[in-house]
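There are 2 protein chains.
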Amino acid sequence: EIVTAIESALGDGPLKGRRVLVTSGPTHEPIDPVRYIANRSSGAQGSALGHALAALGADVTFVTGPAEVPPPAGVDVVRVETAREMLAATEAALPVDAAIFAAAVADWHVAGSEQKIKKTGTTPVLEFSENPDILARVAQRDRDRPRLVVGFAAETENVLAHAEAKRTRKGCDWIVANDVSPATGIMGGTENAVTLITETGAEEWPRAGKADVARRLAERIADALGPA
Amino acid sequence: EIVTAIESALGDGPLKGRRVLVTSGPTHEPIDPVRYIANRSSGAQGSALGHALAALGADVTFVTGPAEVPPPAGVDVVRVETAREMLAATEAALPVDAAIFAAAVADWHVAGSEQKIKKTGTTPVLEFSENPDILARVAQRDRDRPRLVVGFAAETENVLAHAEAKRTRKGCDWIVANDVSPATGIMGGTENAVTLITETGAEEWPRAGKADVARRLAERIADALGPA
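From first to last, the protein sequence lines are chains A and B.
This note's numbering applies: residue 1 is where the first sequence begins, and numbers increase by one.
This note's numbering applies: residue 229 is where the second sequence begins, and numbers increase by one.
Honestly, the hints are just simulated from the structure, not real lab data.
Just so you know, these numbers come straight off a predicted model, no measurement behind them.
We put the CB at the ideal spot given by N, CA and C, even for glycine.
A few of these clues could be false.
To be verified - Only some residues are given here: those of chain B computed to face chain A with a beta carbon under 10 angstroms:
1. 256
2. 268
3. 335
4. 356
5. 360
6. 368
7. 409
8. 426
9. 433
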């Protein structure tokens, strides 16, 4: 970690002078004071990406939900719990040159209960409300839209078709698509197999360690932003 | 940990020769391949209790959900995820002399989806089914009922009244009641303030570290079981 901090402080990397936002980890959505809805994102890919971007000289704001994997050294860490908190932290971090949305954000939140729900013989009904779509909100901003907006698509079926549709629907520039079916071992694991979808098509990258995938993506981001 | 292992191997403690079951941690109930319902139990009190019982010489089977705090040394660890898995592991551990149910078991599970639920514009409806009541099932067994069955009650309001009602309703011998309102900092924290409810009444214990609460409870269990 000390090495990274030194690298990024002294570094004359291609992202020197660039501000980059990374979101990472799961969000937790409270059901009541003791229960919550979570997801299996460990934050490993997001942390690796924050590390790789900082190592190329970027000034990284790292907005993270309650992840298992700790945030990287050499970035500004903003800790949040819910999707709504993540949106607020994300908007507070703008303007940035590039925004990478690697967090696995809950699609819904529960109309919260202030007291613990008791077992009463009848099963409870949870009322869900849709969470803000952080990726789409940022990608479709009139003011302070980052030059490069990158989303992640975690799918379990028809990965490529879902991801290409997502790129268009959200208005983002790139989508990093991966298959998080339990059989792949990717969510919560150490490797990732992604397809990068850009304006010009889809590139399937070979399965590799999350650090390698992060380095490759950080270099692509540096290429896309060009010299500062 | 080595010290504990030696203590419990060499120990001539008051629980030597006794088989004790401890459940600990949260359960996770899948919603779909990536989402699940969790709760804020860290497993700290359950792990401390397993440790304290082993230190008094007990032969401990430790059935744990996905907890943050690791299981203690010197116990037989059985890892589970859902309430239904916890019931199966618990029943498989019988017969025991005493069973302590410190896990925060989800009351409900979701009729699981095999594919990730997609956002479609309409909010999803989750169908819940009640989970098995592990404490009541064990407390009300005809065959192999442990001599001492101890439940935990995690409440956020009317702690004592809810806990006394729970002792009667479940058919267990003791209830360890605590207030898990977020303001107490108990769930996920290092201290606990419990009220022990037995056949003869309620004893309020002073707030103390979870290890101290565990030692005191383990000693009471040893007293209740008497010489082996």
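Residue hint residue 433(B), partner chain A, criterion CB-CB below 10 angstroms: violated, 21 angstroms
If you take the shortest Cβ to Cβ gap from residue 268(B) to chain A, is it below 10 angstroms? For residue 268(B), the interface hint holds, since the closest Cβ of chain A sits about 5 angstroms away, which is under 10 angstroms.
Closest C-beta approach of residue 360(B) to chain A relative to 10 angstroms, hint status: With Cβ-Cβ at 12 angstroms, over 10 angstroms, it is violated.
Would you settle whether the hint for residue 356(B) is holds or violated, based on the nearest Cβ-Cβ distance to chain A being less than 10 angstroms? At about 4 angstroms, which falls below the 10 angstroms cut-off, the nearest Cβ of chain A leaves the hint on residue 356(B) intact, so it holds.
Does the interface hint hold: is residue 426(B) within less than 10 angstroms of chain A, judged Cβ to Cβ? violated, 23 angstroms
Chain A contact restraint on residue 256(B) - CB to CB distance below 10 angstroms: holds, 8 angstroms
Hey, does the residue 368(B) contact hint survive, CB to chain A under 10 angstroms? violated, 16 angstroms
Hint validation: residue 409(B) versus chain A, beta carbon distance must be below 10 angstroms. Holds or violated? holds, 6 angstroms
Hint check: is the beta carbon of residue 335(B) less than 10 angstroms from a beta carbon of chain A? holds, 5 angstroms
Hints 5, 6, 8, 9 from the earlier list are contradicted by this structure; the remaining hints agree with it.
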